[in-house]
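Student: So you can see what is in the structure, the chains are spelled out below.
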Amino acid sequence: MKLVHRDIDKGQGAVTLVPEEPEDMWHAYNLIAEGDSVKSSTIRKVQIESATGSSTSSRVRTTLTITVETIDFDTQACMLRLKGRNIEENQHVKMGAYHTLDLELNRKFSLRKVEWDSIALERIEQACDPTKSADVAAVIMQEGLAHVCLITSSMTLIRAKIDVTIPRKRKGLVQQHEKGLAKFYEQVMQAILRHVNFDVVKCVLVASPGFVRDQFFDYMLQAAVKTDNKLLLDNKTKFMLVHASSGFKHSLKEVLQDAAVMSKICDTKAASEVKALQQFYAVLQAEPAKAFYGKGHVQRANEAQAIESLLISDRLFRCDDVKQRKEYVALVDAVREAGGEVRMFSSMHLSGEQLEQLTGIAAILRFPMPELEEEEEDEAEQE
Amino acid sequence: MARHRDIRNLDYEDEYDGYDDVYGHSVDDDYYISPSNRQFIYNRETSRDSRFEHADDIQEVDEVDELTDIQKAKLNSCMHEIKNTLGTVTISKANLVGLILKYQFNIELVVNAILEDPQFETNDETIKNRGASLTRPSVVDPVPTFVGKVVTSTTTNVVKGFNLPSRDAKLPPKVLELTNKDLTHRVNSTPNAQSPSSGRGQSPASDRVTPECSEGEEKVGRPDLKVDAEAVYKKERGLGKEHLYMVVIGHVDAGKSTLMGRLLCELGQVNKKTMHKYEQESKKVGKQSFMYAWVLDEAGEERNRGITMDVGRHSFETKNKEITILDAPGHKDFIPNMISGAAQADVGLLVVDATKGEFETGFDLGGQTREHALLVKSLGVNQLTVVINKLDTVSWSKDRFDEIVQKLKSFLRQAGFKENNVNFVPCSGLTGQNLIQPPTENEILEWYDGPCLIEAIDKFTSPARPVIKPFRFSVNDIFKGTGSGFCVEGRIETGLINIGDKVMICPSKDQSAVKTIMIDDASKRIAFAGDQATLTLSGLEIQNVSIGNILCDVHYPIPVSNKFEARILVFSVAIPITKGYSVILHHQSLAEQAVITKLISQLNKSSGEVEKKHPRYLRKNSNAIVEITVSKPIALELFSECKELGRVMLRVAGTTIAAGLITRIISAN
Ligand SMILES: Nc1nc2c(ncn2[C@@H]2O[C@H](COP(=O)(O)OP(=O)(O)OP(=O)(O)O)[C@@H](O)[C@H]2O)c(=O)[nH]1
Ligand SMILES: [Mg+2]
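Here the protein sequences come in this chain order: D and S. For the record, in the first sequence the residue sitting at position 141 is 141 according to UniProt numbering, with numbers rising by one throughout. For the record, in the second sequence the residue sitting at position 118 is 118 according to UniProt numbering, with numbers rising by one throughout.
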C-alpha cells in the first residue's frame with residue numbers, strides 16, 4: 001500500500017492510500033469500519049433524460065464519498081466492497097443516495113475516521129511497510145488429497161483443493177491404484193501451473209507424509225520434460241520438499257515450523273504466528289497458571305499488569321460494536337504500556353483461525369495467577 | 001420414582017460399559033466378547049423389562065425431563081418415526097412416551113403395542129390390513145411362487161414368517177409394497193433357507209448371537225426380527241469355519257509382512273513359481289531380504305522401498321477358522337491406513353522385533369508399538385497375540401524373550417487388554433521358525449513348548465456378529481469392477497445384505513442397489529455383519545461415493561451430522577488440548593478435518609464422574625466430554641447404539657492424541 005497523504009491530528013483526520021496488490025485489500029478491510037467515510041473514484045450508472053422525454057442509462061466515472069454501512073470482503077478474489085450513503089452531492093448522485101464502492105487496485109481512496117485508534121494507525125504502518133517477505137506457495141498433499149495454497153505475509157489463501165478417490169492396492173491388481181495416483185498427480189501439477197505465479201513466488205513448498213511428495217515431484221519433472229514445459233523446468237530449484245503429517249490444510253502449520261523451511265522463507269508472519277501460538281501451548285502445559293485465554297481471564301491478568309505477551313486475533317477489531325473494539329484497543333494499549341508484547345494474528349492464517357476458535361484472545365503471563373484458574377466456571381458460563 | 005432412578009442407573013451403566021471399552025479399566029469388556037458378560041447385559045435388559053411392567057401406566061409427559069439428553073433425543077426421534085409409521089393413529093403424547101419408555105425406544109415394539117391395543121384407534125384401517133396381509137401372504141400375495149415359500153424367505157430383517165404377527169406394521173405402506181416385490185426376489189435368491197421357527201439354539205453360533213434364546217416365553221409378542229436374521233446367519237454360516245479378520249500391527253520393520261508372507265508360503269497359499277519370481281526380482285533390486293514381504297507389499301513403491309504403505313490382505317485357513325490378514329503398515333506416516341485396517345479387524349497380531357535395540361526403539365515413546373496397540377484397543381480389538389519376532393538375531397535367547405514379554409505385559413495391561421486375552425509367541429518370520437510347526441532349532445526347543453503361530457491364531461475367539469441390527473457398511477475402497485457399475489469394498493458393521501437390496505449412501509443420502517456381493521473373490525447372495533465384502537453398486541456414479549461413506553438400510557438410515565459430543569481419553573500429548581484445537585478425525589476409513597469446539601467436562605478416570613465443568617485444557621491421560629465439529633457432515637452413530645460406528649480417533653501432526661466414543665449427536669444447524 002502506498003500512503004499518499006496523511007492528515008491525522010489527535011486521533012482525528014484522514015489518510016489517502018493506494019492499494020497496490022491484492023493483500024492491500026485485506027489491510028483496507030481491516031482498516032475500514034462502519035461509520036467511516038471513504039472517498040474514491042467509482043463507476044455509477046446514471047439515467048439521462050433527453051429533451052424528448054425518453055431516458056437512457058449510461059455508466060459514468062465519478063468520485064463519491066460515502067459513509068460506510070456494510071463491508072464485504074471476498075477472500076478468494078481479494079475484493080473489498082463498501083456500501084453506504086453518499087455524503088457529497090455531485091451532478092450525478094444525490095445526497096443520501098446509496099452507492100456501492102469497489103476499491104480497486106492502483107486507484108487511490110481517502111479514509112476519514114471520527115477516531116483513529118492505535119490499532120488502526122498500526123495497520124497503516126504495517127500495510128505500507130515496504131520490506132515485505134516474499135510470497136510462498138505451498139502444496140500440502142497426501143494420496144488423493146491436495147491443497148495448493150499461497151502464503152503472503154498476512155494471508156494464507158487456498159487456491160485449489162484436489163480431493164479424489166484413489167483405489168487402494170488390491171491383491172493382484174495394483175494397476176488401478178497406480179493409474180489413480182498418476183491422474184491425481186497430473187491434477188495437482190495442473191493446479192500449480194494455474195495458480196502459482198512463478199514471477200512473484202520465491203519458493204514452492206511441497207509437503208506430504210510418506211513418499212507422496214517425492215513421487216509427485218518425480219512425476220512433475222518427467223511430465224515437464226515430456227511436454228517441454230519451460231516454466232516448470234526453469235523454476236525447478238524453487239521447489240522444496242518437506243514432511244507433513246497429512247494433506248489437510250492444517251498440516252501447513254507443521255511445515256511452517258520446519259527449520260529448513262524457516263531459513264529459506266525467512267521469518268514470515270505466518271511462521272511467527274505459528275511459533276507464538278505454540279509457545280502459548282507450551283506454557284499452558286508447563287505452567288498452566290501462566291497461560292490464559294478468553295476475554296475475562298485476559299482482562300483480569302491485564303489489570304494485574306501480568307501480561308508478558310498478548311495474542312489477539314484481528315477479527316476482534318473488525319466487530320461492528322464500537323464499544324467492544326474500544327475495549328480491545330484499550331487492552332492492547334495497556335499491555336504495551338506495561339511493557340508487554342502484543343501479537344496481532346491474521347485471521348486469514350491457520351494459526352489465526354485456531355486462535356479465533358480459542359476465543360480470539362490469549363495471554364502468556366509474567367507470573368502465575370492461580371487465582372484466575374478458580375474463576376473459570378463463571379467465565380465459561382458467560383460465554 | 002424408583003423407575004426414574006432405574007433409568008438413570010441404567011443409562012449410567014450403559015455409558016460405563018462404553019467407558020471401559022476405551023479406557024480399559026474394568027474387568028468387563030465389550031459384552032459380545034465373553035458369553036458370561038453377555039448374559040449379564042441381557043439380564044439387565046430383562047430386569048428392566050419387568051420393572052417397567054410394574055409401573056405400567058406412565059402418563060405424565062414431564063417425566064421426560066428426568067431423562068438424559070441422549071434419551072430425550074432418542075425419544076424424539078422415536079416419536080417422529082412412530083408418527084411417520086402410523087400416520088393417523090390417535091394416541092396421546094403421554095401414552096406414546098409411556099410406551100416408548102416401556103419398550104426402551106424399540107420402535108417396532110411400540111408400534112405393535114399400539115396396533116394391538118384397541119384403546120388406540122387406527123383411523124387408517126389399511127395399516128392394520130397391510131400388516132395382517134403380510135402375516136398371511138399366501139392368501140393375499142398375487143405372486144404364485146411366493147406361496148408356501150414365505151417361511152423360507154428369512155433372509156432379511158424385513159422378511160416375515162407366519163407366526164410373527166404385525167411386525168411389518170412398522171414399515172410405512174409404501175415400503176410394504178416394495179417389500180413384497182423384494183420378497184419374491186429374495187425367495188428366489190435363497191431357495192434353501194429354512195423356517196426360523198425351529199431354528200433356536202441349533203447352530204453352534206446361536207448361543208453367541210442370540211442371547212434371547214434362553215428365555216423364549218417372556219418374549220411373547222416380541223417381533224422376531226432377530227430370530228430371522230440370526231436364523232439366516234446360522235443357516236448360511238453355522239456349518240462353515242468361522243471367519244476372522246486379523247490386523248497385523250507393529251513398529252516399522254518389525255517383520256510383519258515377512259512373517260505373514262512366509263506364513264502364507266508355508267501354508268501353500270503362494271505358488272512356488274510366484275515365490276521364485278519374487279526371489280529373483282527382489283534380488284535384482286537389492287532387496288532380497290524382503291522377498292516374503294512382497295507377497296503382501298504389491299505396489300511398486302512398496303517393493304522399491306521395502307516399506308508397507310497400505311494394508312495388504314490375504315486369506316488362509318487354520319484348523320477351525322478362516323482368517324483374513326490385514327497387514328498394516330508400521331511407518332508412522334501411514335497410520336491413517338493402519339487405522340482403516342484396524343477398524344475392520346476382529347483381533348490383532350502385534351509383531352515386535354526382538355533384535356537388540358530394535359525392540360526398544362519401537363517401544364519407547366515415539367515408537368509405533370505403543371501407538372498401534374492403543375489404537376487397536378480403542379478401535380475395539382480386544383484379543384491380541386504378540387509375536388516376538390526375529391529371535392534368530394538374538395540366538396533364541398530366553399532372557400530376551402522374557403524381558404520383552406514382561407515389558408509388553410505391563411504396558412498392554414495398562415492399555416486395557418485383559419491378561420487372558422493376550423498371548424505371546426516366539427518366532428522368526430524370515431527363517432520360518434515356529435510358524436506352522438513346532439520349532440526345530442535346539443536353542444528354542446530348550447525352553448519353549450507352547451503353541452506355534454498358527455495354533456495361537458486358531459485360538460482366537462470370534463466376536464458376535466450383530467446381524468440383527470440395521471445394515472451398515474463402511475466404505476474402505478472404491479474401484480471399477482469388470483462389469484458395469486462399480487465396486488465398493490468395506491466391512492459390514494451390522495446387519496446383513498442381499499443381492500438386490502437397496503442401500504442409501506450417507507452422508508450424501510443417494511440411493512443405489514446392490515448388484516453383486518463378493519467375499520474373498522467368491523460370489524455370495526448374502527453377506528453378514530463382520531464380513532468384508534465387495535459390493536457392486538448400480539444406479540449411481542462412482543464419483544458420488546467416497547472412502548469413509550457409510551452404506552445403510554434405506555429404512556433405517558444412519559444419522560448424519562457434523563457436530564457431536566464424545567467422551568475422549570487423551571493419550572500422552574506433548575501440549576494440552578484446548579478448545580479450538582484442530583484435529584484430524586478418523587472414523588472407520590474416514591479421515592476428516594475437525595475442531596474440538598468445546599471442552600464440556602473433565603471426568604474422573606475411574607468413576608467417570610464429572611470432576612470439572614468447562615475445563616480450560618485437558619492434559620495427557622485425562623478423560624473428558626468434548627464437542628467436536630467436523631468440517632463437513634459425516635455419517636455416525638452413538639456408541640450406545642452401534643459400537644462399530646460410535647468410535648473416533650483424533651490425531652494431530654501425525655500422532656494420535658485421543659480416542660473417543662460418540663455420546664451425543666448434535667443435529668446440523
Ligand atoms: N533376521 C531376521 N530378519 C527379519 C525377520 N523378519 C523380517 N526380517 C527383516 O526385517 C526387514 C523388514 O521386514 P518387513 O517384513 O518389511 O517389515 P514390516 O514390519 O512389514 O515393515 P513395514 O510394513 O514397513 O512396517 C526385512 O529386511 C526382513 O528381511 C526375522 O525373523 N529375522
Ligand atoms: Mg510390512
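Each hint should be verified, as a subset may be incorrect.
[Claimed, not checked] Not the full set, but computed from the structure, chain D residues with beta-carbon under 10 Å of chain S:
#1 Gln142
#2 Pro167
#3 Thr359
FYI, nobody ran anything at the bench for these hints, they're computed from the structure. Here the structure is a predicted model, which means the values were calculated and not measured. A virtual CB, placed ideally from N, CA and C, is assigned to each residue, including glycine.
Student: Does each hint fit the structure? Answer for all of them.
Tutor: Hints, verified against the model:
no. : hint   : result
1   : Gln142 : 8 Å, holds
2   : Pro167 : 4 Å, holds
3   : Thr359 : 8 Å, holds
Of the hints listed earlier, there is not a single one the structure fails to meet.
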